[in-house]
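Asker: Read off the chains here:
Protein chains: 2
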Amino acid sequence: MTEHTSHEIDVEKLETSKINAVNFDNLTFGRTFTDHMFICDFENDEWQTPRIIPYQAMTMEPSARVFHYGQAVFEGMKAYKDKDGKVWLFRPEDNYNRINKSAARLAMPEFPKDYFFKGLTKLLQIDSAWVKPGKGNSLYIRPFIIATDPAISASPSSNYRFMIICSPAKAYYTDKIKVLVAEKYSRSASGGVGFAKAAGNYAAQFYPTSLAQKRGFQQVIWTDAATHERLEEAGTMNVFFRINDTLITAPISDRILDGVTRRSIIQLAEDNGITVDVRPITVVELKEASRNGSLKEIFGAGTAAVISPISAFEHGEELFELPNIENSYADSLKDNMLNIQHNLTEDKHGWRYGI
Amino acid sequence: MTEHTSHEIDVEKLETSKINAVNFDNLTFGRTFTDHMFICDFENDEWQTPRIIPYQAMTMEPSARVFHYGQAVFEGMKAYKDKDGKVWLFRPEDNYNRINKSAARLAMPEFPKDYFFKGLTKLLQIDSAWVKPGKGNSLYIRPFIIATDPAISASPSSNYRFMIICSPAKAYYTDKIKVLVAEKYSRSASGGVGFAKAAGNYAAQFYPTSLAQKRGFQQVIWTDAATHERLEEAGTMNVFFRINDTLITAPISDRILDGVTRRSIIQLAEDNGITVDVRPITVVELKEASRNGSLKEIFGAGTAAVISPISAFEHGEELFELPNIENSYADSLKDNMLNIQHNLTEDKHGWRYGI
Numbered sequence: 001m002t003e004h005t006s007h008e009i010d011v012e013k014l015e016t017s018k019i020n021a022v023n024f025d026n027l028t029f030g031r032t033f034t035d036h037m038f039i040c041d042f043e044n045d046e047w048q049t050p051r052i053i054p055y056q057a058m059t060m061e062p063s064a065r066v067f068h069y070g071q072a073v074f075e076g077m078k079a080y081k082d083k084d085g086k087v088w089l090f091r092p093e094d095n096y097n098r099i100n101k102s103a104a105r106l107a108m109p110e111f112p113k114d115y116f117f118k119g120l121t122k123l124l125q126i127d128s129a130w131v132k133p134g135k136g137n138s139l140y141i142r143p144f145i146i147a148t149d150p151a152i153s154a155s156p157s158s159n160y161r162f163m164i165i166c167s168p169a170k171a172y173y174t175d176k177i178k179v180l181v182a183e184k185y186s187r188s189a190s191g192g193v194g195f196a197k198a199a200g201n202y203a204a205q206f207y208p209t210s211l212a213q214k215r216g217f218q219q220v221i222w223t224d225a226a227t228h229e230r231l232e233e234a235g236t237m238n239v240f241f242r243i244n245d246t247l248i249t250a251p252i253s254d255r256i257l258d259g260v261t262r263r264s265i266i267q268l269a270e271d272n273g274i275t276v277d278v279r280p281i282t283v284v285e286l287k288e289a290s291r292n293g294s295l296k297e298i299f300g301a302g303t304a305a306v307i308s309p310i311s312a313f314e315h316g317e318e319l320f321e322l323p324n325i326e327n328s329y330a331d332s333l334k335d336n337m338l339n340i341q342h343n344l345t346e347d348k349h350g351w352r353y354g355i
Numbered sequence: 001m002t003e004h005t006s007h008e009i010d011v012e013k014l015e016t017s018k019i020n021a022v023n024f025d026n027l028t029f030g031r032t033f034t035d036h037m038f039i040c041d042f043e044n045d046e047w048q049t050p051r052i053i054p055y056q057a058m059t060m061e062p063s064a065r066v067f068h069y070g071q072a073v074f075e076g077m078k079a080y081k082d083k084d085g086k087v088w089l090f091r092p093e094d095n096y097n098r099i100n101k102s103a104a105r106l107a108m109p110e111f112p113k114d115y116f117f118k119g120l121t122k123l124l125q126i127d128s129a130w131v132k133p134g135k136g137n138s139l140y141i142r143p144f145i146i147a148t149d150p151a152i153s154a155s156p157s158s159n160y161r162f163m164i165i166c167s168p169a170k171a172y173y174t175d176k177i178k179v180l181v182a183e184k185y186s187r188s189a190s191g192g193v194g195f196a197k198a199a200g201n202y203a204a205q206f207y208p209t210s211l212a213q214k215r216g217f218q219q220v221i222w223t224d225a226a227t228h229e230r231l232e233e234a235g236t237m238n239v240f241f242r243i244n245d246t247l248i249t250a251p252i253s254d255r256i257l258d259g260v261t262r263r264s265i266i267q268l269a270e271d272n273g274i275t276v277d278v279r280p281i282t283v284v285e286l287k288e289a290s291r292n293g294s295l296k297e298i299f300g301a302g303t304a305a306v307i308s309p310i311s312a313f314e315h316g317e318e319l320f321e322l323p324n325i326e327n328s329y330a331d332s333l334k335d336n337m338l339n340i341q342h343n344l345t346e347d348k349h350g351w352r353y354g355i
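Line by line, the protein sequences give chains A and U. Be aware that the first sequence starts at 1, since it is given in this note's numbering, and climbs by one per residue. Be aware that the second sequence starts at 1, since it is given in this note's numbering, and climbs by one per residue.
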């Protein structure tokens with residue numbers, strides 16, 4: 001059945017929801033998708049009528065540029081359901097702005113704000129049963145844009161597809177993680193696309209990360225490609241370092257993703273009277289702080305993981321273990337974030353967005 | 001119709017070739033594809049039975065990792081037809097080795113040599129009418145591997161698809177081109193994936209290249225990301241500089257593609273008594289050589305373009321024009337390359353591979 005909504009989105013609903021076949025207590029991150037998806041194609045220099053249709057495979061030409069030149073950008077967002085059954089997003093405008101920033105760097109057209117918010121809202125209304133209440137539950141939302149032009153010359157596509165797919169999620173990393181500080185491999189170059197959520201940034205990390213994983217580390221903390229001296233980000237997360245009672249995180253640059261969680265953590269820390277120092281931090285300083293006992297915590301911050309406490313890092317074949325501390329910033333800031341996201345506390349910065 | 005060949009490739013032929021609908025005098029690079037394509041899927045930890053089927057669109061899950069994380073690598077090769085109607089490849093073993101080197105860096109499985117050569121040979125035999133004789137005509141061949149696993153966690157795919165598609169081609173750049181030397185943007189980082197034909201390397205260049213194109217330059221010559229002082233490559237081509245009678249090209253590194261054309265040009269230059277200096281070359285040296293008249297030529301070298309003479313470069317808002325010279329190395333080396341590729345001259349290095 002097809003109905004025209006007042007938002008001019010064509011909606012075709014699935015006859016029978018697949019939700020009863022899903023075990024929500026046993027979800028693998030990013031493998032289960034909701035009943036519907038949002039699609040909007042860019043053709044003839046404009047975005048066409050957006051559609052919401054049943055989640056399904058799609059037809060692609062083998063020559064589509066996304067397969068050959070990685071012209072693709074994405075976002076990661078989450079929806080939360082409060083105890084009254086209302087669904088909330090967290091700072092969606094930041095994701096909207098960033099996907100267009102990413103798109104611009106990859107020579108792709110901006111997606112209209114109106115379509116983004118109306119599409120997202122309508123999709124979440126239709127699939128709201130997939131957002132489970134309770135802290136730890138969320139619906140992971142993946143907007144993305146891919147180049148669909150069937151031509152293999154190495155130049156920007158004429159045609160694109162914007163999509164939103166949604167996947168019910170539990171916590172991403174459940175235990176504390178150990179990380180390896182990069183000494184040889186790099187994530188991004190100055191003047192490159194590291195600040196963008198460009199698809200190719202992620203595949204480039206898989207191999208060095210797999211080497212780290214074989215040695216028992218879950219993630220790599222990337223350092224600057226030129227010197228490997230400055231700590232930058234962890235690929236799926238920004239990174240915070242607590243030395244004494246100050247929280248330090250690297251400034252954003254064209255190599256580092258401007259994370260929504262990072263930005264929120266900085267604000268919440270300041271709200272809670274924690275000094276935040278946004279400045280370059282070196283491997284030398286980190287190791288010295290670990291040796292003299294002033295390094296109290298390291299944690300990652302990102303939409304998928306929210307906050308991931310780190311238990312140890314390795315550099316120069318030396319393992320540095322973090323102390324187990326009471327009143328950790330990671331725990332209190334994570335709790336603070338989740339309470340705002342799940343509508344359990346005041347939202348004084350206006351970060352929640354009701355569906 | 002499906003037939004099993006002795007190579008254990010399943011072959012399904014198109015009933016009626018599309019070739020009569022193609023105007024071979026008016027081809028846009030990479031938009032027209034031959035009647036068939038080669039497909040081999042990686043599932044359950046192994047490459048499945050390869051297939052040759054009619055060229056067609058394919059079904060992909062929206063969650064396929066290639067769309068989200070750019071886990072994709074490719075190669076560019078060409079087939080040539082001699083006056084006796086025999087089809088030749090040029091150093092295909094180099095492309096085979098490189099796609100696996102690229103795949104390894106992106107945490108993708110190696111493709112078996114047997115499948116690569118048998119698949120390529122059979123596909124070119126079936127579609128041999130698409131390879132037109134004569135210098136300037138060729139069949140561009142695009143092997144590529146994409147991550148097909150329907151899961152959006154940021155980790156390597158379990159499933160992949162290897163494909164070969166083919167597109168009849170004329171010369172890529174027909175006129176001399178003007179290039180801009182990069183001062184702000186970068187192509188790759190030390191420790192990154194610049195040496196690999198990774199999909200994401202190309203999308204990352206589209207925006208800075210489009211800025212250059214708006215100002216009348218066809219390509220960018222990338223410099224090292226750390227200092228922007230050393231000349232590296234042009235994104236779709238390696239670059240050669242002739243100062244007096246010496247040909248200079250940057251050494252390969254983890255930032256620079258190890259081009260098959262580059263390697264062949266170095267050999268052919270040496271065969272012809274031209275001194276080749278493989279060493280870092282700086283922007284300062286290039287500008288100085290241009291000013292004092294010792295800079296005679298710059299040209300790009302790559303499979304798509306073969307050799308592309310460059311007429312001018314800009315750096316620091318200053319335009320440096322190359323002289324028009326007789327007996328250019330670009331012209332003689334290009335002629336030499338084409339004669340070998342088209343079986344018009346002796347192949348003393350054993351570069352030709354007959355189909």
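Hints are not guaranteed to be accurate.
For lysine-lysine, the following DSSO-like pairs were computed, each having C-alpha atoms within a straight-line distance of at most 27 Å [claimed, not checked]:
| id | chain 1 | residue 1 | chain 2 | residue 2 |
| --- | --- | --- | --- | --- |
| 1 | A | Lys86 | A | Lys135 |
| 2 | A | Lys101 | U | Lys214 |
| 3 | U | Lys214 | A | Lys184 |
| 4 | A | Lys184 | U | Lys101 |
Honestly, the hints are just simulated from the structure, not real lab data.
Asker: Next, verify each hint and record whether it holds.
Answerer: For each hint, the structure was consulted:
1. A:Lys86 / A:Lys135: 14 Å, holds
2. A:Lys101 / U:Lys214: 20 Å, holds
3. U:Lys214 / A:Lys184: 37 Å, violated
4. A:Lys184 / U:Lys101: Roughly 18 Å separates the two Cα atoms, so the pair holds.
In this structure, only the earlier hint numbered 3 is contradicted, and the remaining ones agree with it.
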